[in-house]
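Chemist: Here are the chains, one letter per residue:
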Amino acid sequence: MKAPLSWLRDYVDIALPPEELASRLALTGTEVERVEPLGAPEDDAVQKHFVVGKVVEREKHPDADKLSVCRVDVGEEAPRTIVCGAPNVAAGQTVAVVLPGAVLAGGMKIGEAKLRGVRSSGMILSAAELGFEAKSEGIMVLPEEWQAGEPLGEHLPVSDWLLDVEVTPNRPDCLSIKGLAREIAAITEQPFAEEQDFGFPVSERPVEEDISIEVPAPDLCPRYAARVIRGVTVGPSPLWLKARITAAGMRPVNNVVDVTNYVMWSLGQPLHAFDLASVAGGKIIVRRARPGEGIRTLDGTQRTLTDDMLVIADAEKPSVIAGIMGSIDSEVTDNTTDILLEAANFARFSILKTESALSLRSESSTRFEKGLDPNLIPPALDMACALLTELAGGEVSRGTVDIQAGPVEPWQLELRVARVSQILGIEVTKAEMADILRRLGCEVEDAGDRLRVTVPTFRLDLEREIDLVEEVVRIYGLERLPATQPCRPSGGGGLTEGQRKVRRVEDLLAGAGLTQAVVYSFVDPVWLAALRLPPESPQAKPVAIRNPLSVEQSVMRTMLLPGLLATAARNRAMREERIHLFEVGRTFHPEQPSEFGGGLPREVNRLGFVLSGPVAEEHWEEESRPSDFYAGKGLVERVLQGLGVTAGYGRTDKPFLHPGKAAQVLVDGEEAGWVGEVHPLVLQAFDLPEGLVAAELDLDALCAKGSALTVFEDLITYPAVEQDLALVVDQNLQADRVLRVVAEAGGPLLREARVFDVYEGPQVGTGRRSLALRLTFRSSERTLSEEEINRLRSELLPVLRERLGAELRS
Amino acid sequence: MSEWCSKEATIPVDNHILQGLTRPDLKEIYERGLRDLESARTLAELEDLRVRYLGRKAELTNLLRSIPELPASERPEVGRFGNLVKRELEQALESARKDLEQAELVKGLEKDRVDVTLPGRPWPLGHLHLIEQTRREIEDIYVGMGYDVVQGPEIETDYHNFEALNHPEDHPARSLHDTFFVDETILLRTHTSPVQVRVMEQQSPPLYLIAPGKTYRRDSDATHTPMFHQVEGLVVDRGVTLADLKGTLDTFAKKMFGEERQIRLRPHYFPFTEPSVEVDVSCMACNGQGCRLCKRSGWLEILGAGMVDPNVFGFVGIDPEEYSGFAFGMGVERIAMLKYGVNDLRLFYENDLRFLRQF
Ligand SMILES: [Zn+2]
Numbered sequence: 004m005k006a007p008l009s010w011l012r013d014y015v016d017i018a019l020p021p022e023e024l025a026s027r028l029a030l031t032g033t034e035v036e037r038v039e040p041l042g043a044p045e046d047d048a049v050q051k052h053f054v055v056g057k058v059v060e061r062e063k064h065p066d067a068d069k070l071s072v073c074r075v076d077v078g079e080e081a082p083r084t085i086v087c088g089a090p091n092v093a094a095g096q097t098v099a100v101v102l103p104g105a106v107l108a109g110g111m112k113i114g115e116a117k118l119r120g121v122r123s124s125g126m127i128l129s130a131a132e133l134g135f136e137a138k139s140e141g142i143m144v145l146p147e148e149w150q151a152g153e154p155l156g157e158h159l160p161v162s163d164w165l166l167d168v169e170v171t172p173n174r175p176d177c178l179s180i181k182g183l184a185r186e187i188a189a190i191t192e193q194p195f196a197e198e199q200d201f202g203f204p205v206s207e208r209p210v211e212e213d214i215s216i217e218v219p220a221p222d223l224c225p226r227y228a229a230r231v232i233r234g235v236t237v238g239p240s241p242l243w244l245k246a247r248i249t250a251a252g253m254r255p256v257n258n259v260v261d262v263t264n265y266v267m268w269s270l271g272q273p274l275h276a277f278d279l280a281s282v283a284g285g286k287i288i289v290r291r292a293r294p295g296e297g298i299r300t301l302d303g304t305q306r307t308l309t310d311d312m313l314v315i316a317d318a319e320k321p322s323v324i325a326g327i328m329g330s331i332d333s334e335v336t337d338n339t340t341d342i343l344l345e346a347a348n349f350a351r352f353s354i355l356k357t358e359s360a361l362s363l364r365s366e367s368s369t370r371f372e373k374g375l376d377p378n379l380i381p382p383a384l385d386m387a388c389a390l391l392t393e394l395a396g397g398e399v400s401r402g403t404v405d406i407q408a409g410p411v412e413p414w415q416l417e418l419r420v421a422r423v424s425q426i427l428g429i430e431v432t433k434a435e436m437a438d439i440l441r442r443l444g445c446e447v448e449d450a451g452d453r454l455r456v457t458v459p460t461f462r463l464d465l466e467r468e469i470d471l472v473e474e475v476v477r478i479y480g481l482e483r484l485p486a487t488q489p490c491r492p493s494g495g496g497g498l499t500e501g502q503r504k505v506r507r508v509e510d511l512l513a514g515a516g517l518t519q520a521v522v523y524s525f526v527d528p529v530w531l532a533a534l535r536l537p538p539e540s541p542q543a544k545p546v547a548i549r550n551p552l553s554v555e556q557s558v559m560r561t562m563l564l565p566g567l568l569a570t571a572a573r574n575r576a577m578r579e580e581r582i583h584l585f586e587v588g589r590t591f592h593p594e595q596p597s598e599f600g601g602g603l604p605r606e607v608n609r610l611g612f613v614l615s616g617p618v619a620e621e622h623w624e625e626e627s628r629p630s631d632f633y634a635g636k637g638l639v640e641r642v643l644q645g646l647g648v649t650a651g652y653g654r655t656d657k658p659f660l661h662p663g664k665a666a667q668v669l670v671d672g673e674e675a676g677w678v679g680e681v682h683p684l685v686l687q688a689f690d691l692p693e694g695l696v697a698a699e700l701d702l703d704a705l706c707a708k709g710s711a712l713t714v715f716e717d718l719i720t721y722p723a724v725e726q727d728l729a730l731v732v733d734q735n736l737q738a739d740r741v742l743r744v745v746a747e748a749g750g751p752l753l754r755e756a757r758v759f760d761v762y763e764g765p766q767v768g769t770g771r772r773s774l775a776l777r778l779t780f781r782s783s784e785r786t787l788s789e790e791e792i793n794r795l796r797s798e799l800l801p802v803l804r805e806r807l808g809a810e811l812r813s
Numbered sequence: 011m012s013e014w015c016s017k018e019a020t021i022p023v024d025n026h027i028l029q030g031l032t033r034p035d036l037k038e039i040y041e042r043g044l045r046d047l048e049s050a051r052t053l054a055e056l057e058d059l060r061v062r063y064l065g066r067k068a069e070l071t072n073l074l075r076s077i078p079e080l081p082a083s084e085r086p087e088v089g090r091f092g093n094l095v096k097r098e099l100e101q102a103l104e105s106a107r108k109d110l111e112q113a114e115l116v117k118g119l120e121k122d123r124v125d126v127t128l129p130g131r132p133w134p135l136g137h138l139h140l141i142e143q144t145r146r147e148i149e150d151i152y153v154g155m156g157y158d159v160v161q162g163p164e165i166e167t168d169y170h171n172f173e174a175l176n177h178p179e180d181h182p183a184r185s186l187h188d189t190f191f192v193d194e195t196i197l198l199r200t201h202t203s204p205v206q207v208r209v210m211e212q213q214s215p216p217l218y219l220i221a222p223g224k225t226y227r228r229d230s231d232a233t234h235t236p237m238f239h240q241v242e243g244l245v246v247d248r249g250v251t252l253a254d255l256k257g258t259l260d261t262f263a264k265k266m267f268g269e270e271r272q273i274r275l276r277p278h279y280f281p282f283t284e285p286s287v288e289v290d291v292s293c294m295a296c297n298g299q300g301c302r303l304c305k306r307s308g309w310l311e312i313l314g315a316g317m318v319d320p321n322v323f324g325f326v327g328i329d330p331e332e333y334s335g336f337a338f339g340m341g342v343e344r345i346a347m348l349k350y351g352v353n354d355l356r357l358f359y360e361n362d363l364r365f366l367r368q369f
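Respectively, the protein sequence lines represent chains A and B.
The numbers in our numbering rise by one with no breaks, and the one at position 456 of the first sequence is 459.
The numbers in our numbering rise by one with no breaks, and the one at position 5 of the second sequence is 15.
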């Protein structure tokens, strides 16, 4: 909302410098986006150069067709010579003159100048040059009664300040100069001046003879009022009106439209002027649109309406989408002589719905959508009638058509004095509260421990006691509040074990060289196919967003992998060689019930990573290993170790993974994730080179499994003894099968068995390989003797030979 | 030879051990031997000396070997002092050998040099995302003040996201234009505030909690991403005041942005708090003097807050006459941008390693 200071001053004295006023407004809840000077600089040194002039003589410039040489009386001893390029300049005109030494809006300096050989000591101004309109055809012709030499600033806002304020949605009353002025009066403790009564000529003809109005949709239109003005002359608005309309950021059109806009800006009540001749049957019907009914709005767009939209129609067709925009056909034109002036109140929810359905908003609808005081209607009609008859002539038909459900009266609220300090944490005296509320336009009555507050109808947002508390502290000043701390009686607080575990996993991965990515939760459904997921797989049935911004962000991810692959690809395109990324985030599963109920999809916290390129950074001394299956698996093992979880690994046939280099991660027999080299076809689809290993783990499941507490075990008194065992087995025998049999056959003293070397080659023969195992034996009761260990080891061998076909490597 | 392994220069010729020795030959062997050992500069020289003084053909060895052939009167003296001299020379030899060995080792090290300015072998180091780092900082500050950290679903019901937070049905945020919908009543949460409702539905006051998480709005331009992160805060207890909110946020701002920071509250409007405020922190770039970052105002907006609206308490069955509370919500990206000087929101979601590795 743009508010020129000169306009606000119609209602309130503003003594504060504009910047200070802006900061006071900001600190009381009205955000000021900009404060800027309008027109010429305000200081007197500049102002005295703007004067009224009379064109005494006009001659054609001897050397230029389009220029005139004028003699202009600016109240000095002799007229000045001024060269003017405007086609409309003529002797006898009263004009606006700027003298050398002045500065125009935008900083342009005026000096003496020679134009094609003729010295010009000043310039005759157009309205545009003073910022009163966007573009002018010629110079401004001023009223004759203005005297030569008078300061122009006495008649016109040559210089002004503009406040551009952002009004919170609960304060539509401030979407008007008057409302804003009332707010300024309250916060600067200045008196607020209501406007004078408006007078206008009224004819004998009753308005009912001009027009009849029906409101068959009172639920969407609580009040509809209209007046008729006959015999107007449509034409351009006077300069002061153009100046205000332009300063407010609107475009001057003609006197009728400008007046309706002016009243809307002044009071906050939108008005609509119809050409009465275009109202078929002299009848206005405020009704719901008929399905499919069309209207071509002022912006030139043909729109199709639905039956939950309100229109203002005549006997035949809709001419306005109520409160939002009129049609081109009913617009006031230069030939209009009779006007129907509408001031109405529309239900905000209906306005919002229609705006949203049509993607159409206007200055009018942004006010209606926030809810307006129905009692704004009579003064708005009065002000408009007074201005219209003054500026466009004509007479107002007697009376007002005013259809409303019932009058809206001021209402009463109680404010408990103690409640205020209870909420705010500071003592505000009863007198201060009463004073603040009165300044805001309330009537306040002292009722002992409480105030009885009568709220004016323009403050529709003040419905409850708490609303009054807010008003009190807002004006009292938040800066006066102390800064205290709530006392937390029970202490406590902290991260849960699960939250700490997630942090640990993240730290661990960052410590292993991976960098964390944060990827959008919505993905492109194309990715699901790129991952070669069959349509029936649960991962291929994501939660879909009904109104996505784009198809690329239209479904909620079921896996982290696609986002990570896309991120890797983007970095790859930036010539990154070594791309090690991880993400911790949620995936969304519509086929599973959520712990939160309510028909929501299940959300799972997952950990995902991708490794592409060498494991370590390049180094002059050392060659790095590639990111292969075992690199990924090692990382998964590390994560699981960090969480205190032991897992098994089994083959998996996930379609997006290399069939031979991928495993599912099993915890207590259930899949808790996977790790593997990504299928080359998937990598192709993502524009990634071959050789990328990825993994995903269900963090919720893993955090729930891992033991919370490590209990001390004495590993020192009776130390462990290690024994190595090199077995030759069939090449295809999986290591974990060997380890499982070893574990079963090793007896209770065998605490751990792991593979520390693998050999394939001529020494063990084709189709065979050697696995070197390190066995750890330990008793918690005694130190194991060498003979005992040797016996345990030799007992193992026949079992391994029998069950695995294993032989001791010689 | 380094200073610290050199020996005292004086040889104890009149060593008390040899007191009473009268034979000049033994005395001479002893003194000459010690002197020679002392002057040995290499292990090879030392070996020569060992052979010369203690070898099988050495003078002393010969003398000791010849004892049986000596006159009986000489035997005791030669026997006693000969062996003493031998022991002394052996000890001196041993200690000279140690000295020389150490000296040679040290000399060898001097030649064994690397270019200390070449890079070390890489131990991989990754990075937490700046959003994660910032979220943790925020969490840790409030955990330190006794708050719990709770989570809620990212796909929410309309009821929890809007209705129970006092957004009327015609609130603009509820439109298809601003909110991502899954169906009529299910949507991507537009703020972390629904977690307030979920917690208050399940637990009774006192409540001191924050709820960090992802949020979604249908907006994408230079200053908006359709997904972003918020941290919600909620305190409900007896006697909680707006002044308590101010103090809490003041503590937060100082811990997050530095002890010298000030905060300022401006009245604002949110449907689910009343009174509502926006909170500014004094600009860290110019210390409140006014600069480009703070648009000359000296202040930077960091969050929205307010006292829990009695209507919200009504939805979750908490008596607003008995309890009061405050809530606040901040954008993690906004805090990170201010604290770390990141100038483009979109960087957070491009995940360009060149950006991520900076932090
Ligand atoms: Zn600054």
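Note that these hints are calculated values from the structure, not bench results.
A hint or two may mislead.
[To be verified] Examples of chain A residues lying across from chain B (beta carbon under 7 angstroms, computed):
hint : residue
1    : 352
2    : 473
3    : 579
4    : 580
5    : 714
6    : 715
[What the hints assert, rightly or not] Capping the alpha-carbon separation at 20 angstroms, the derived lysine to any residue pairs in SDA-like fashion look like this:
hint : chain 1 : residue 1 : chain 2 : residue 2
7    : B       : 305       : A       : 23
8    : B       : 224       : A       : 598
9    : A       : 356       : B       : 54
10   : B       : 264       : A       : 219
11   : B       : 264       : B       : 155
12   : B       : 264       : A       : 356
13   : B       : 305       : A       : 727
[As the list claims (entries may be wrong)] Now the stretches of chain A that chain B is said to cover, found in silico as 3 or more residues with beta-carbon under 8 angstroms:
hint : region
14   : 26-33
15   : 387-399
16   : 419-428
17   : 477-489
18   : 507-520
19   : 633-641
Computed from a predicted structure; not experimentally measured.
Glycine included, each C-beta is placed from N, C-alpha and C at the ideal position.
Chemist: For a quick check of understanding: which of the numbered hints are violated here, in increasing order?
Modeler: Hint check: 4, 5, 6, 9, 10, 12, 13, 15 and 19 fail, others pass.
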